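Generate coordinates for the entire structure from the input sequences, incorporating the hints supplied.
Residue numbers (numbering that gives the first Met the number 0), protein chains in the order written: chain A, 0 to 229; chain B, 0 to 241; chain C, 0 to 275.
No lab work stands behind these hints, which were simulated from the structure alone.
Be a bit skeptical, because a hint or two may be false.
On the chain B side, residues computed to face chain A include the following (Cβ under 8 Å) [claimed, not checked]:
id: 1; residue: P77
id: 2; residue: L78
id: 3; residue: A81
id: 4; residue: F84
id: 5; residue: A104
Chain B residues, not near chain A, derived (Cβ > 12 Å throughout) [claimed, not checked]:
id: 6; residue: P10
id: 7; residue: V20
id: 8; residue: E155
id: 9; residue: Q179
id: 10; residue: A183
id: 11; residue: I186
id: 12; residue: R210
id: 13; residue: V235
Everything numeric in this text was worked out from a predicted model, so none of it was measured.
Beta carbons: idealized from backbone N, C-alpha and C, even for Gly.
Residues per chain are reported as follows:
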Amino acid sequence: MPGDASALQLVLSADPALMGIVWLSLGVSLAAVGLATIVGLPIGALLALTRFPGRNACIVVLNALMGLPPVVVGLAVYLLLSRSGPLGSWGLLFTPKAMVIAQAILVTPIIAALARQTLEDLWVEYRDELAAMNVGPVGRISTLIWDARFSLVTALLAGFGRAAAEVGAVIIVGGNIDGFTRTMTTAIALETSKGDLPLAIGLGIVLIAIVVAVNALAWGVRRTGERFAG
Amino acid sequence: MAVRAPSSDLPIALENASVSVGALTILDRISLAFSPGTPTVLIGPNGSGKTTLIRLAMGLIEPTSGRITFGGRERVPPLRRAIVFQRPAMLRRSAAANIAYAMAAAGIDRARRPGRIEELLALVGLTGFGERPARRLSGGEQQRLALARALARDPEVLFLDEPTASLDPAATKAVEDVVQAVVARGIKVVMSTHDLGEARRLAGDIVLMHRGRVIESTTAAEFFSTPKTQEARRFVAGELLV
Amino acid sequence: MHTRRTLIALAALAAFATATPALAQEKSIVVSSTTSTQDSGLFGHILPMFKAKTGIDVKVVSQGTGQALDTGRRGDADVVFVHAKSQEEKFVADGFGVKRSPVMYNDFVLIGPKNDPAGAKGKDIVAGLKAIKDKSAPFISRGDRSGTHSAELALWKTAGIDIAKDKGAWYKEIGQGMGAALNTASASNSYVLTDRGTWLSFKNRGDLDIVVEGDNKLFNQYGVILVSPEKHKHVKKEFGQAFIDWLISAEGQKAITDYKINGQQLFFANATAPGA
Numbered sequence: 000m001p002g003d004a005s006a007l008q009l010v011l012s013a014d015p016a017l018m019g020i021v022w023l024s025l026g027v028s029l030a031a032v033g034l035a036t037i038v039g040l041p042i043g044a045l046l047a048l049t050r051f052p053g054r055n056a057c058i059v060v061l062n063a064l065m066g067l068p069p070v071v072v073g074l075a076v077y078l079l080l081s082r083s084g085p086l087g088s089w090g091l092l093f094t095p096k097a098m099v100i101a102q103a104i105l106v107t108p109i110i111a112a113l114a115r116q117t118l119e120d121l122w123v124e125y126r127d128e129l130a131a132m133n134v135g136p137v138g139r140i141s142t143l144i145w146d147a148r149f150s151l152v153t154a155l156l157a158g159f160g161r162a163a164a165e166v167g168a169v170i171i172v173g174g175n176i177d178g179f180t181r182t183m184t185t186a187i188a189l190e191t192s193k194g195d196l197p198l199a200i201g202l203g204i205v206l207i208a209i210v211v212a213v214n215a216l217a218w219g220v221r222r223t224g225e226r227f228a229g
Numbered sequence: 000m001a002v003r004a005p006s007s008d009l010p011i012a013l014e015n016a017s018v019s020v021g022a023l024t025i026l027d028r029i030s031l032a033f034s035p036g037t038p039t040v041l042i043g044p045n046g047s048g049k050t051t052l053i054r055l056a057m058g059l060i061e062p063t064s065g066r067i068t069f070g071g072r073e074r075v076p077p078l079r080r081a082i083v084f085q086r087p088a089m090l091r092r093s094a095a096a097n098i099a100y101a102m103a104a105a106g107i108d109r110a111r112r113p114g115r116i117e118e119l120l121a122l123v124g125l126t127g128f129g130e131r132p133a134r135r136l137s138g139g140e141q142q143r144l145a146l147a148r149a150l151a152r153d154p155e156v157l158f159l160d161e162p163t164a165s166l167d168p169a170a171t172k173a174v175e176d177v178v179q180a181v182v183a184r185g186i187k188v189v190m191s192t193h194d195l196g197e198a199r200r201l202a203g204d205i206v207l208m209h210r211g212r213v214i215e216s217t218t219a220a221e222f223f224s225t226p227k228t229q230e231a232r233r234f235v236a237g238e239l240l241v
Numbered sequence: 000m001h002t003r004r005t006l007i008a009l010a011a012l013a014a015f016a017t018a019t020p021a022l023a024q025e026k027s028i029v030v031s032s033t034t035s036t037q038d039s040g041l042f043g044h045i046l047p048m049f050k051a052k053t054g055i056d057v058k059v060v061s062q063g064t065g066q067a068l069d070t071g072r073r074g075d076a077d078v079v080f081v082h083a084k085s086q087e088e089k090f091v092a093d094g095f096g097v098k099r100s101p102v103m104y105n106d107f108v109l110i111g112p113k114n115d116p117a118g119a120k121g122k123d124i125v126a127g128l129k130a131i132k133d134k135s136a137p138f139i140s141r142g143d144r145s146g147t148h149s150a151e152l153a154l155w156k157t158a159g160i161d162i163a164k165d166k167g168a169w170y171k172e173i174g175q176g177m178g179a180a181l182n183t184a185s186a187s188n189s190y191v192l193t194d195r196g197t198w199l200s201f202k203n204r205g206d207l208d209i210v211v212e213g214d215n216k217l218f219n220q221y222g223v224i225l226v227s228p229e230k231h232k233h234v235k236k237e238f239g240q241a242f243i244d245w246l247i248s249a250e251g252q253k254a255i256t257d258y259k260i261n262g263q264q265l266f267f268a269n270a271t272a273p274g275a
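Written out as structure tokens, the structure reads:
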């Protein structure tokens, strides 16, 4: 990326290198949220709907995992995916897939914990009605997820915000390779280290704009949900 | 009407059924049967066990001791029984979708649903409310929608737990009218109330409960004219049973 | 039903986003290198030429020299391109690398506040460091096991200062890359040792300027090593060797020499120099 042009110019001219970074960031974070949803939602639903010994401990751990430090996750995934690590033969280190895996690990507890809270609140309300209508376990879970969909989408967006904004994990497992694994956050870290603060700030503004847009979307979804579902 | 399964859930018979939570006995050795016919009204003060008895008869809980049979069988899933809870929970969907959900859960053919939804909304006086979010309806409207939702399952027995407890007289009248219409269709109604007037207006049979026990179980006519027990006499006279 | 559709869509999305990069994997190598080569813009200059000639994509992971060698040792890179000769020789001797080839050198410069409070200015790095130590003038050290950090430690030793013992509050190890060290020095008006390339492309200079340069103790040799395909079977030895061969070829050496910032040459190609 040409360091001389101002960030605003790059954005306004849709500079291909900058756009590549933005798309990679969005793609990696979206894929991570997708993966985290597939894993986290069932975990949340399971914890919301079942009672077993150690359940409270699980919830406490899950809530604590929401604050997982990205660098620690990055390091763990690095050691796993390194050629000398147990999953080294997959050859994933320093690829976007590795970044997706690391971010998915960061986001899964967020989605699971928020989904658990949302689904459990709704489950307390619905339990008797669904039992009286003879709805089986699969029907119960799908009804709860469907009826809580607006709240769940906000949980997914919270996870997306976390993924898009973190730098610690992706820089370790992605390697910040130009044009391949460089995301907005790692580019900001790089430009800062090069002392190119205006460009770093410009990228930061783009990132913040995206996060604000995502939150506006979350707010809109919630409003829509309230209007349609009460 | 849906094609009924050959076997019936009625009579629902309790034999020496008790329900306790820890050391606390909520229902104490109840023997009682709900048979087809006129409505059975459970009366008694708060905490006398009416709600628990309804949940037991609906099959939502199991007796701690004793047993309960549905048409002579034990542990029959609530396919042909329906209930309106004292505070019904509306699904986060439109009024019509709440009814449609109950139909889907009862396995009613998709093609039959739209017409039946309109019919049920009309029955409970909610014509034109179908597309409204159910949770935005007033308390009385939600109560009637819950009735429609319960009836959507084509039950042969309908349990109503204090269906008018928090309603004003006009809303109470609307709900009672629906109950009369339900009874007229041949559905067995078992309801609880602590409103003596409501019991007089609706009951065919009366079950008086007090402190987890059945004090008196008889026809409404006999209960109100010649109550047999001390508690029944005091209750009918409008005294406080505590 | 709706839920299932949502899940399928999310799964498809995840599969799509994770599947696309596979296309880029065919003709590419991973080079673990130092922050100086990356931050100075050298790779941005020479890699497109190499790609145009061979079609091979070079993915550069820039780290401190110690970490870059470790990445190679773990088999996570095909080629390492760093500047710490003794560590490089050990890397090869331990069997992790095939052979070390010298490529180029650049030089370190001592950076400090324009008004030079320690009086370190001059052509003699030993005198400069002694002056800083005597005045306890603020000094920023990388402290990250990088090539520059090793060079800094070696220079203190040459100046007869046991920095591990003699360091005081004036000596701060930040444990970060070159750029971060320069930013810290700029923000606190401290002295700092850096490679010239990073300094020339560094934009947030504040009140800093070059204090000592040109001492031949400040020369900094870069070497390139193919990670041993015997240790790590997956190493792309043909592509990696092609990159090394190009770097030390006349064409590659010229590309390195031609790279300039503001008319100043940053790296001096010396692949053929004896003993480099």
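Do the hints match the structure? See the list:
{"no.": "1", "hint": "P77", "verdict": "5 Å, holds"}
{"no.": "2", "hint": "L78", "verdict": "6 Å, holds"}
{"no.": "3", "hint": "A81", "verdict": "7 Å, holds"}
{"no.": "4", "hint": "F84", "verdict": "6 Å, holds"}
{"no.": "5", "hint": "A104", "verdict": "4 Å, holds"}
{"no.": "6", "hint": "P10", "verdict": "20 Å, holds"}
{"no.": "7", "hint": "V20", "verdict": "16 Å, holds"}
{"no.": "8", "hint": "E155", "verdict": "14 Å, holds"}
{"no.": "9", "hint": "Q179", "verdict": "23 Å, holds"}
{"no.": "10", "hint": "A183", "verdict": "23 Å, holds"}
{"no.": "11", "hint": "I186", "verdict": "16 Å, holds"}
{"no.": "12", "hint": "R210", "verdict": "24 Å, holds"}
{"no.": "13", "hint": "V235", "verdict": "32 Å, holds"}
In this structure, none of the earlier numbered hints is contradicted; all agree with it.
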